[in-house]
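Enquirer: Spelled out from the first residue to the last, the chains are:
There are 2 protein chains.
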Amino acid sequence: MSSENEPRYIQVHPQDNVAIIVNPGGLPAGTEFPSGLVLQEAVPEAHKVALVALQPGDAVIRYGSVIGYTARAIPQGGWVAEDALTSPPPPALDALPLATETPAALPPLEGYTFQGYRNPDGTVGTRNILGISTTVQCVAGTVDYAVRRIKQELLPKYPNVDDVIAITHNYGCGVAINAPGAEIPIRTLRNLSLNPNLGGAPMVVSLGCEKMQPSQMLPVSTLPVLSEEPYVVRLQDEEHYGFEEMVSALMEMAEKRLERLNQRKRVTCPASDLVVGLQCGGSDAFSGVTANPAVGFAADLLVRAGATVMFSEVTEVRDAVHLLTARAANEQVARDLVREMAWYDEYLAHDNVDRSANPSPGNKKGGLANIVEKALGSVAKAGTSPLAAVTGPGERVTTKGLVFAATPASDFICGTLQLAAAMNMHVFTTGRGTPYGLAMAPVIKVATRSSLAKRWFDLIDVDAGKIATGEATIEDIGWEIFRLILKVASGEQQTWADRWGLHNEYALFNPGPVT
Amino acid sequence: MSSENEPRYIQVHPQDNVAIIVNPGGLPAGTEFPSGLVLQEAVPEAHKVALVALQPGDAVIRYGSVIGYTARAIPQGGWVAEDALTSPPPPALDALPLATETPAALPPLEGYTFQGYRNPDGTVGTRNILGISTTVQCVAGTVDYAVRRIKQELLPKYPNVDDVIAITHNYGCGVAINAPGAEIPIRTLRNLSLNPNLGGAPMVVSLGCEKMQPSQMLPVSTLPVLSEEPYVVRLQDEEHYGFEEMVSALMEMAEKRLERLNQRKRVTCPASDLVVGLQCGGSDAFSGVTANPAVGFAADLLVRAGATVMFSEVTEVRDAVHLLTARAANEQVARDLVREMAWYDEYLAHDNVDRSANPSPGNKKGGLANIVEKALGSVAKAGTSPLAAVTGPGERVTTKGLVFAATPASDFICGTLQLAAAMNMHVFTTGRGTPYGLAMAPVIKVATRSSLAKRWFDLIDVDAGKIATGEATIEDIGWEIFRLILKVASGEQQTWADRWGLHNEYALFNPGPVT
Ligand SMILES: [Ca+2]
Ligand SMILES: [Ca+2]
Ligand SMILES: [Ca+2]
Ligand SMILES: [Ca+2]
Ligand SMILES: [Ca+2]
Chain A
0 MSSENEPRYI
10 QVHPQDNVAI
20 IVNPGGLPAG
30 TEFPSGLVLQ
40 EAVPEAHKVA
50 LVALQPGDAV
60 IRYGSVIGYT
70 ARAIPQGGWV
80 AEDALTSPPP
90 PALDALPLAT
100 ETPAALPPLE
110 GYTFQGYRNP
120 DGTVGTRNIL
130 GISTTVQCVA
140 GTVDYAVRRI
150 KQELLPKYPN
160 VDDVIAITHN
170 YGCGVAINAP
180 GAEIPIRTLR
190 NLSLNPNLGG
200 APMVVSLGCE
210 KMQPSQMLPV
220 STLPVLSEEP
230 YVVRLQDEEH
240 YGFEEMVSAL
250 MEMAEKRLER
260 LNQRKRVTCP
270 ASDLVVGLQC
280 GGSDAFSGVT
290 ANPAVGFAAD
300 LLVRAGATVM
310 FSEVTEVRDA
320 VHLLTARAAN
330 EQVARDLVRE
340 MAWYDEYLAH
350 DNVDRSANPS
360 PGNKKGGLAN
370 IVEKALGSVA
380 KAGTSPLAAV
390 TGPGERVTTK
400 GLVFAATPAS
410 DFICGTLQLA
420 AAMNMHVFTT
430 GRGTPYGLAM
440 APVIKVATRS
450 SLAKRWFDLI
460 DVDAGKIATG
470 EATIEDIGWE
480 IFRLILKVAS
490 GEQQTWADRW
500 GLHNEYALFN
510 PGPVT
Chain B
0 MSSENEPRYI
10 QVHPQDNVAI
20 IVNPGGLPAG
30 TEFPSGLVLQ
40 EAVPEAHKVA
50 LVALQPGDAV
60 IRYGSVIGYT
70 ARAIPQGGWV
80 AEDALTSPPP
90 PALDALPLAT
100 ETPAALPPLE
110 GYTFQGYRNP
120 DGTVGTRNIL
130 GISTTVQCVA
140 GTVDYAVRRI
150 KQELLPKYPN
160 VDDVIAITHN
170 YGCGVAINAP
180 GAEIPIRTLR
190 NLSLNPNLGG
200 APMVVSLGCE
210 KMQPSQMLPV
220 STLPVLSEEP
230 YVVRLQDEEH
240 YGFEEMVSAL
250 MEMAEKRLER
260 LNQRKRVTCP
270 ASDLVVGLQC
280 GGSDAFSGVT
290 ANPAVGFAAD
300 LLVRAGATVM
310 FSEVTEVRDA
320 VHLLTARAAN
330 EQVARDLVRE
340 MAWYDEYLAH
350 DNVDRSANPS
360 PGNKKGGLAN
370 IVEKALGSVA
380 KAGTSPLAAV
390 TGPGERVTTK
400 GLVFAATPAS
410 DFICGTLQLA
420 AAMNMHVFTT
430 GRGTPYGLAM
440 APVIKVATRS
450 SLAKRWFDLI
460 DVDAGKIATG
470 EATIEDIGWE
480 IFRLILKVAS
490 GEQQTWADRW
500 GLHNEYALFN
510 PGPVT
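Protein chains in written order, with numbering that gives the first Met the number 0: chain A, 0 to 514; chain B, 0 to 514.
Watch out, some of these pointers could steer you wrong.
Since the list can't tell identical chains apart, any single copy or any two copies may satisfy a pair.
Dumping the calculated SDA-like pairs for lysine to any residue here, alpha-carbon to alpha-carbon at most 20 angstroms [claimed, not checked]:
1) 150 - 502
2) 150 - 259
3) 453 - 248
4) 465 - 267
5) 264 - 229
6) 453 - 240
7) 264 - 243
8) 363 - 248
9) 486 - 355
10) 465 - 44
11) 453 - 244
12) 364 - 177
13) 453 - 469
Hints are computed from structural coordinates only; laboratory data are not their basis.
Okay, chain A solo, but in the shape it has when bound:
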């Protein structure tokens, strides 16, 4: 392997006329690469260098796709900065290839298992958690209080239960419950309480006078167990005389569920019982060449093993939609994808913004010039298998294979919606670095650069930056992620986020207004 200081760039696709600088801190003007290319100006780390001279209006090609057009002439070896690019319009939704290049199914991958908790509905938990659902924000303070006491006084008696979590949120009242789009937060909350890691033992805390009643959020008909015993504590019920009796009622119901959860044991489950949600946040130009392709390789391994793999983040898929509709398993799936893109286009246009609102200053500093470049790097997470299904925000995913679960790109909204979609393992790639974590499912964090992985040694679980330095291949890191998923799913290894207890709040996607 060549020295760390040797100037390096990465060209992803043979047709690309730009490449990105690998060296930490970037490279100065005059740097000569082994290929003979000489930098005409300083180019920051992860930013793009022109491999050929570009005239104004020339197409700039990365990932083999046009990411924009040059706004001015750029010499060979020049920096292709954000302001040197104009963005192309997004692909029109009415002229997309529908299932025209459906890939052949990948060869099955057999023999991979993990130790999980099998649920009555056939899903499998990677954790054994008591979740306490809430219909409305008003009860959050009381539920938080009760959870503190349950953890102190009850949980120690039930050693097979991993945790007790309150599913609190800002919805349920003070909202237009009949507005278009209100079904999204409502089904999200329902499906969160059905997450495989909660053992099929939901309990619900309601105030009483809220707009979203328990019968709407989680009707008795949802699960057989709900008709067998009470599952709702209503704080306004006349039977509760004072705060302490409310807390006692919560703790009593919680203890019944803890008893049941405590009797469960991990059993050997095929890898096909995994529901892995993929996401990226704080992305940079390395995301699309290191972490995301490695996750894409792991996604293919999971699909080959029969698992469900979800990718999401509509605004980061929009500009690559033509690649995905072509890859759909059939025309209906392609049309479902178009439907979700159209819904989001309209959602944004309704407020006079568009997908260009997505990239953050950090993305741009990290070398991502625009949403097209970000999207092409983002969809690398999806690997190469056929797109098997598409679901709307907050819907439960039941299909095996690669699924597009439509969500905003906002990290915690996406994570929350993927949990509602039945995610039992989360893989999160980051270039700029974010100390992201969720209470309901383990989060494996993958760094796009070794410098981040080294600096955040106690937050990052996998260093995909080795791909850029040549120390590892995409396949190596893909297998590392795949094996780590099985280990963490089995409870044999803890993620860094779980080690520190870094658990962000649930963030609902509510497209409707508040009142």
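Since the structure of chain A is provided, determine the placement of chain B with the ligands on it from the hints.
Expert: Same frame as chain A, but now just chain B with the ligands:
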């Protein structure tokens, strides 16, 4: 005083043709009142009885105002149920009386003081709290972790500091930061960190790559102290090698602020330094005859003492706007009120809903037939003084006297926006009951009914239900609330919410889309 079981109803205004039933559990058909009125059917507690026979299309009058028109004939002594009323349209905004009936200023009330913490900017805290602001949701898990350690390891060394709170939220990235309306969540977060109870010693935790940068949320120019020493910890800064160093950096900056806050002492302040936010939640038909008028009386006392009193909740004011524009101190204030109403009308109409989305099932069960009836009861909180100023959502209030601070009615969004408006005391009335609480300012909870106050003896601070039973007058309870505000503001008495540590999360009002 007459027996508890004697049938009672309350007619608020002499012109009213309906009254509400006071007796717990309601009254059966055939009940005869001392006035001679006989119930023709059972009427639930807090619901309306017709005092005269009503023909279809007749105006139903409560609070001296039309709350709707009868959809069918109702006999004298009949139940005026929700479905027997059709709602009138809201007052047109282009034909309102502007400052036509400005009341004379109320006589000054002198000599009332409290013990508070005076801040460099002239505001006064009722608490001495270290607040840790955040630019983006990504840092919330880390800040929560640090706050747990600060409370355990540092706070005990600084006994004059009341609490350490993390101002976490779901904004800062994954949002359209340039969308119309984005200034609302941004200024809300800025002004939250300037709340008088935080002692003018803000510190900010940033990730680094987020859209809302510290310089946008809290520019150095905001406060003199910000240019004197560092006030931002940026987790992505290269100086932090690993999670534990990030936490150390947070704790180090926090300790400097704890040292300074610990040197502060309560001093005697005039009642005019109070900024009292008023709100109602879980309202019923008693709200407008017991708790809200009593709070309105206390509001007048506060205004007479020179304090700032805010009321809010646009959708609950909209149908009473004509009463308030007439009461404005001058035409400009009246126009400002119209501007906020128009903004909200448009905000709701943009998503095809209107103010009728406000009342909850609990409101209706509680006897509030529609938003008109709810609004007329809600504005009773505002007392009788001239309307001195109107501010937009998240703006800081600097005017003394009665101020309309525009907010949604949603309890925690309203509370959060009132904290941003510089609230140092909160008074919250409730009929159905809600265990509401805030970490940043004390919340005094006032029950509309004695049955609730008795059942929730350890959550409700003031029982205004005694007004309905005749055990106390509006003036009695108004004075009780006023005196309790001074005591709680002085730290001499704890509210029930603070006793249990019931502190709901901040809920931002973001009219823009997420990305
Ligand atoms: Ca992303
Ligand atoms: Ca994301
Ligand atoms: Ca929390
Ligand atoms: Ca209200
Ligand atoms: Ca409210």
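Enquirer: Compare the structure with each hint and give your call.
Expert: Do the hints match the structure? See the list:
In this homomeric assembly, residue 150 and residue 502 come within 20 angstroms of each other (Cα to Cα) both inside a single copy, at 16 angstroms, and across copies, at 19 angstroms. Only within a single protomer do residue 150 and residue 259 lie at most 20 angstroms apart by alpha-carbon distance; the minimum there is 16 angstroms, versus 35 angstroms between protomers. Taking the shortest Cα distances, residue 453 and residue 248 sit within 20 angstroms of each other only across copies (19 angstroms), while inside one copy they are farther apart (48 angstroms). Taking the shortest Cα distances, residue 465 and residue 267 never come within 20 angstroms of each other, neither inside one copy (33 angstroms) nor across copies (64 angstroms).
In the homo-oligomer, the alpha carbons of residue 264 and residue 229 never lie at most 20 angstroms apart, since the shortest distance is 25 angstroms inside one protomer and 51 angstroms across protomers. For a Cα distance limit of 20 angstroms, the shortest separation of residue 453 from residue 240 across copies, 8 angstroms, qualifies, whereas the shortest one inside one copy, 55 angstroms, does not. Taking the closest pair of Cα atoms, residue 264 and residue 243 never come within 20 angstroms of each other, the shortest separation being 34 angstroms inside a single copy and 34 angstroms across copies. Neither within a single protomer nor between protomers do residue 363 and residue 248 lie at most 20 angstroms apart by alpha-carbon distance, with minima of 51 angstroms and 27 angstroms respectively.
Proximity of residue 486 and residue 355 under a CA criterion of 20 angstroms is satisfied in neither setting, with 38 angstroms inside one chain copy and 52 angstroms between copies. Within a single copy, residue 465 and residue 44 get their C-alpha atoms as close as 15 angstroms, which meets the 20 angstroms cut-off; across copies the closest is 71 angstroms, which misses it. In this assembly of identical chains, the alpha carbons of residue 453 and residue 244 lie at most 20 angstroms apart only when taken from different copies (14 angstroms versus 50 angstroms within one copy). In the homo-oligomer, the alpha carbons of residue 364 and residue 177 lie at most 20 angstroms apart only across protomers (19 angstroms), although the nearest pairing inside one protomer, at 42 angstroms, exceeds that limit.
For the identical chains of this complex, residue 453 and residue 469 are intra-copy neighbours only, at 16 angstroms inside a copy versus 72 angstroms across copies, given an alpha-carbon limit of 20 angstroms.
Violated hints for the displayed structure, listed by number in ascending order: 4, 5, 7, 8, 9.
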